[in-house]
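Asks: Sequence:
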Amino acid sequence: MDKRSILGFALIMVVVTIWLIYSSVNQQPPPLKEEDKAKESTTFTQKPVEEEKPSEPIVKETAIVPDSADKIEKYGTFAPFTKGNDEFITIENDLVKIVFSKKGATIRGWTLKNYKTWDGRPTQLIWNKGGELYMTFLSKENKKIDTRDFYFNVNNTSGYYRLHGKQTLTLTARIDLGRDTSIVKTYRFYGNKYQLDADVSLNNMDWLIPTRGYNYIWSDGLRYQEKSSVDESGEALAMASINDGIEEINASGTEPVISSPHGNVDYAAVKTKYFGAAIMPEPEGSFDGTVDMVGTMYHAKNSGMVEKYNVSLRIPYKEQQKTQSFRIYIGPLEYDLMKEYGLMEMMNFGWRFLVRPIGEYFMLPIFRFIYGLVGNFGIALILFSVLMKILLHPLSIQQLRSAQKMKLLQPEMQKIREKFPDDNSAQQKETMKMYSEYGINPMGGCLPLLLQMPILYALWAVLRVAIDLRQAPFIFWINDLSLPDTIFTLPFVFLGIKHLSGLALLMGITMFIQQKMTVTDPKQKALVYMMPVMFTLMFSNFPSGLNLYYFMFNLLSILQQVYINKYSRKRLTLADLKKMPKKEGWLQKKMREAQDIAESRGKSLPSKYTDSQPRRDGKPQQQRPQRKRKK
Numbered sequence: 001m002d003k004r005s006i007l008g009f010a011l012i013m014v015v016v017t018i019w020l021i022y023s024s025v026n027q028q029p030p031p032l033k034e035e036d037k038a039k040e041s042t043t044f045t046q047k048p049v050e051e052e053k054p055s056e057p058i059v060k061e062t063a064i065v066p067d068s069a070d071k072i073e074k075y076g077t078f079a080p081f082t083k084g085n086d087e088f089i090t091i092e093n094d095l096v097k098i099v100f101s102k103k104g105a106t107i108r109g110w111t112l113k114n115y116k117t118w119d120g121r122p123t124q125l126i127w128n129k130g131g132e133l134y135m136t137f138l139s140k141e142n143k144k145i146d147t148r149d150f151y152f153n154v155n156n157t158s159g160y161y162r163l164h165g166k167q168t169l170t171l172t173a174r175i176d177l178g179r180d181t182s183i184v185k186t187y188r189f190y191g192n193k194y195q196l197d198a199d200v201s202l203n204n205m206d207w208l209i210p211t212r213g214y215n216y217i218w219s220d221g222l223r224y225q226e227k228s229s230v231d232e233s234g235e236a237l238a239m240a241s242i243n244d245g246i247e248e249i250n251a252s253g254t255e256p257v258i259s260s261p262h263g264n265v266d267y268a269a270v271k272t273k274y275f276g277a278a279i280m281p282e283p284e285g286s287f288d289g290t291v292d293m294v295g296t297m298y299h300a301k302n303s304g305m306v307e308k309y310n311v312s313l314r315i316p317y318k319e320q321q322k323t324q325s326f327r328i329y330i331g332p333l334e335y336d337l338m339k340e341y342g343l344m345e346m347m348n349f350g351w352r353f354l355v356r357p358i359g360e361y362f363m364l365p366i367f368r369f370i371y372g373l374v375g376n377f378g379i380a381l382i383l384f385s386v387l388m389k390i391l392l393h394p395l396s397i398q399q400l401r402s403a404q405k406m407k408l409l410q411p412e413m414q415k416i417r418e419k420f421p422d423d424n425s426a427q428q429k430e431t432m433k434m435y436s437e438y439g440i441n442p443m444g445g446c447l448p449l450l451l452q453m454p455i456l457y458a459l460w461a462v463l464r465v466a467i468d469l470r471q472a473p474f475i476f477w478i479n480d481l482s483l484p485d486t487i488f489t490l491p492f493v494f495l496g497i498k499h500l501s502g503l504a505l506l507m508g509i510t511m512f513i514q515q516k517m518t519v520t521d522p523k524q525k526a527l528v529y530m531m532p533v534m535f536t537l538m539f540s541n542f543p544s545g546l547n548l549y550y551f552m553f554n555l556l557s558i559l560q561q562v563y564i565n566k567y568s569r570k571r572l573t574l575a576d577l578k579k580m581p582k583k584e585g586w587l588q589k590k591m592r593e594a595q596d597i598a599e600s601r602g603k604s605l606p607s608k609y610t611d612s613q614p615r616r617d618g619k620p621q622q623q624r625p626q627r628k629r630k631k
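Last residue of the sequence shown: number 631 in my numbering, and the count goes up by one each step with no gaps.
Take every hint as true, because none was put in to throw you off.
Straight line, CA to CA, 25 Å or less: simulated DMTMM-like cross-link-like pairs of lysine to aspartate or glutamate:
| hint | residue 1 | residue 2 |
| --- | --- | --- |
| 1 | Lys97 | Glu340 |
| 2 | Lys433 | Glu412 |
| 3 | Lys71 | Asp146 |
| 4 | Lys116 | Glu235 |
| 5 | Lys193 | Asp220 |
| 6 | Lys301 | Glu235 |
| 7 | Lys116 | Glu340 |
| 8 | Lys525 | Asp423 |
| 9 | Lys140 | Asp288 |
| 10 | Lys143 | Asp206 |
| 11 | Lys74 | Asp176 |
Label-pair distances were calculated between CB atoms; the ranges are:
| hint | residue 1 | residue 2 | range |
| --- | --- | --- | --- |
| 12 | Asn302 | Asp206 | 43 to 53 Å |
| 13 | Pro411 | Lys339 | 50 to 60 Å |
| 14 | Tyr298 | Gln410 | 52 to 62 Å |
| 15 | Phe362 | Ser425 | 38 to 48 Å |
| 16 | Lys140 | Arg188 | 23 to 33 Å |
| 17 | Lys318 | Leu373 | 55 to 65 Å |
| 18 | Asn142 | Lys113 | 44 to 54 Å |
| 19 | Glu284 | Val562 | 51 to 61 Å |
| 20 | Leu495 | Asn302 | 15 to 25 Å |
| 21 | Ile597 | Leu490 | 52 to 62 Å |
| 22 | Gly253 | Gln560 | 46 to 56 Å |
Keep in mind the hints are simulated off the structure, nothing from the lab. Remember, predicted model here, so these are calculated numbers, not experimental data. Beta carbons: idealized from backbone N, C-alpha and C, even for Gly.
Could you build the full structure based on these sequences and the hints that come with them?
Replies: Laid out in structure tokens, this is it:
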């Protein structure tokens, strides 16, 4: 790779460094075990749709609580509700398996049925305390109230419900405090959605809750599912769509990162690499308030750091009966679903002003269309690389022609270096004169490459976050296009790299061949060997799907160059270059103007040349104006 290529790939190198650190496997608890099932019903009046024994028997445990005086001191009026029996209700639909706890009236389990972890276990986005949805407030008794500590009365007594299609289930959990005062949480579950609806009602609580209201909180983000929790954590963040813009935070150290934007809130969300959870106030556009986002980094179990995020909505209380409704999505970051829910910003397709439109509206639709035809993501990537090579053919031809012209000028440039071995200014002047004489634009090869960079980066962004590639096999040793295809584990760790990727090695070989075919400058010979090695090591931490694309693109570029070199009707010569129409490029013009200014100021020669030191070419030295010292 020559210097012009390095300039282009520098944009990619900035991004790839985030892949250089790996960590240990994120351990997860085993899935729930489903036991006996009973017969289904299809109505939701007094009887459930389908009653079965729960996947895990209903657990009845007596909470261990302090004595009455301590409870009253801590919880005030709410003290009686800290004692009770916890029970679990399992709701299963076509997509998820949900565990609902009467303690706290919250979700304790959310398992995706169509996705597996890296080691084949169920994908549990929420399990026990890994991701909780609850409310807190400071009562007028100056007690910090957390609904996770209270046992709610739930209207449904069955331990298991099975929903299909358009069926729904409503669970109502409440705490009655007397005086017609109550906290009521109402949940609606669906038979074919990664969604639940939640209504939070505070009835006649003026004497207990201040007007500043309560906080509706999602804590601890989502559980990590991939082999490297550190890698997956690198894509995690908290975000809010507020005032028609996106506010987000990214944890960067052990000290919490906090942001509290205020305005009209569309949603508040947490996400990992492939999954997300979003709280959307209903009706849309009706909630004007504050979103609190907190991000913190923790040490992973073996090595590295992982990120955890909390999001909280401040809900004001201004009426005797205050109900706030929410639509809650917990599921995969799949393009069609994100578009349906208005959560497209949760998918990171790169820079919004240029790269994202290319990736979202051009590359992803084409890639998915090709996959729909062939049914294999590996083959789809190969065909996609062929298509991209065809689309970029005009730019590639211009780049190759520019490289051929520069190759023809190498003997002339060597003569200039030999004529002015110690005079860089003279070398530059003569080189620009030669460029003008032969009609060469020194940026001619770099500009096409720079124009390709947004396209290549958009592809990198799409393949990096596309859940379509997750656990998608190809051929031979490549069994997951979203992960590196390891063929050899290094006996040592080099810059965070622990293994060698097969496709990265093939990509490095094709890069080496390309450089051998194009690099002629002796000063750049070292790059022929250094750059392929460096990129092979760095790309060994890339997803194999991305390396497959780059390998195929390089291979097609080599075949294209061989074809042009072999079957060109006429090879260019210096005489042909002289006959071509001449047009001074922008860079040539600026460099010529800079040279003219330098000469007019008497600074075209290095400062080491003086009147007492004759020039090697025998020409007289240019005189410098002498400055007078002030007395």
